[in-house]
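Engineer: Based on the sequences and whatever the hints tell you, model everything.
Order-wise, the sequence lines are chains Z and H. Counting in full-length UniProt numbering, the first sequence tops out at residue 138, every number present. Counting in full-length UniProt numbering, the second sequence tops out at residue 138, every number present.
Hints are not guaranteed to be accurate.
Just so you know, same-sequence chains aren't split out, so a pair can sit in one copy or run between any two.
Keeping only pairs whose Cα atoms sit at most 25 Å apart, straight-line, the calculated SDA-like set for lysine to any residue is [as the list claims (entries may be wrong)]:
(1) LYS59 with ALA129
(2) LYS59 with VAL90
(3) LYS125 with GLY21
(4) LYS132 with ARG71
(5) LYS125 with GLY44
(6) LYS125 with GLU45
(7) LYS59 with GLY84
(8) LYS15 with ASP130
Because the hints were derived from the structure by calculation, they are not lab data.
Protein chains: 2
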Amino acid sequence: MCASCPSIFPAPGPKAELEEGSALTPRFGADGLVTCVTTDAATGELLMVAHMNAEALAKTLETGEAWYWSRSRGELWHKGATSGQIQTVVEMRVDCDQDALWLKVNVAGDGGCCHTGRRSCFYRKVETADGKSGLVPV
Amino acid sequence: MCASCPSIFPAPGPKAELEEGSALTPRFGADGLVTCVTTDAATGELLMVAHMNAEALAKTLETGEAWYWSRSRGELWHKGATSGQIQTVVEMRVDCDQDALWLKVNVAGDGGCCHTGRRSCFYRKVETADGKSGLVPV
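Structural biologist: So this is what it looks like as structure tokens:
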């Protein structure tokens, strides 16, 4: 993670400003990350949950394409750079306390998102019977 | 967080099992939490992003109502217990590497979700002009 990243965005102000103000002041966690929820702009389908550091967020705003921070690889991640599944941002929202982002995107390439080849990472539902939970494909 | 919580669910297995298996083996982070995305079961609207520890997840599965771990208060959080905005789980999904959950819920009470009084926590979008980003109500 880049050491200078936190200064890309203004520091969060008091609660009222954070929740009702017009300044984007993301609250990066101790790990320097905010959570990012990404949905399909056309269908509303939940595609993935990922994370952004300040640099990834800045690059997303600058380029209009989704950049994340890959926690597993420990590097900046231009989604689709390898697979062709570039995500073009149609709208970005922030939540009340500015520690989560929501991207509505159009996906290029084959329209996929998950590294397993599926369109969405959420391809299994949890079913509970007799107090035992298991996963079932949807 | 309860010290015995991690043992409520089986430990995650190898990658193939995690991604293709039928066992719910959540990958709780170093903080003992998984990310949870909650949408309105009827409209698909993104309502909130929150976190669950093992106990919260177990209680959600057991009761069919959403329980989270409040990071700000440091306590288990039965959503709606105070406000009446109980979230009844219609479907729960898990993502490929089992570190994120998706709840589709029906919201009781006045149907709200955000502590600011709004229906969704994502009530502002990010707009960028001349290289400067700001927030605009939606």
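Engineer: Hints first: check each against the structure and report whether it holds.
Structural biologist: Evaluation of the provided hints:
{"no.": "1", "hint": "LYS59 with ALA129", "verdict": "between (45 Å within a copy, 15 Å between copies)"}
{"no.": "2", "hint": "LYS59 with VAL90", "verdict": "within (15 Å within a copy, 36 Å between copies)"}
{"no.": "3", "hint": "LYS125 with GLY21", "verdict": "between (37 Å within a copy, 12 Å between copies)"}
{"no.": "4", "hint": "LYS132 with ARG71", "verdict": "neither (31 Å within a copy, 27 Å between copies)"}
{"no.": "5", "hint": "LYS125 with GLY44", "verdict": "both (18 Å within a copy, 16 Å between copies)"}
{"no.": "6", "hint": "LYS125 with GLU45", "verdict": "both (14 Å within a copy, 19 Å between copies)"}
{"no.": "7", "hint": "LYS59 with GLY84", "verdict": "within (18 Å within a copy, 40 Å between copies)"}
{"no.": "8", "hint": "LYS15 with ASP130", "verdict": "neither (44 Å within a copy, 27 Å between copies)"}
The structure fails to meet hints 4 and 8 from the earlier list, while all remaining hints are met.
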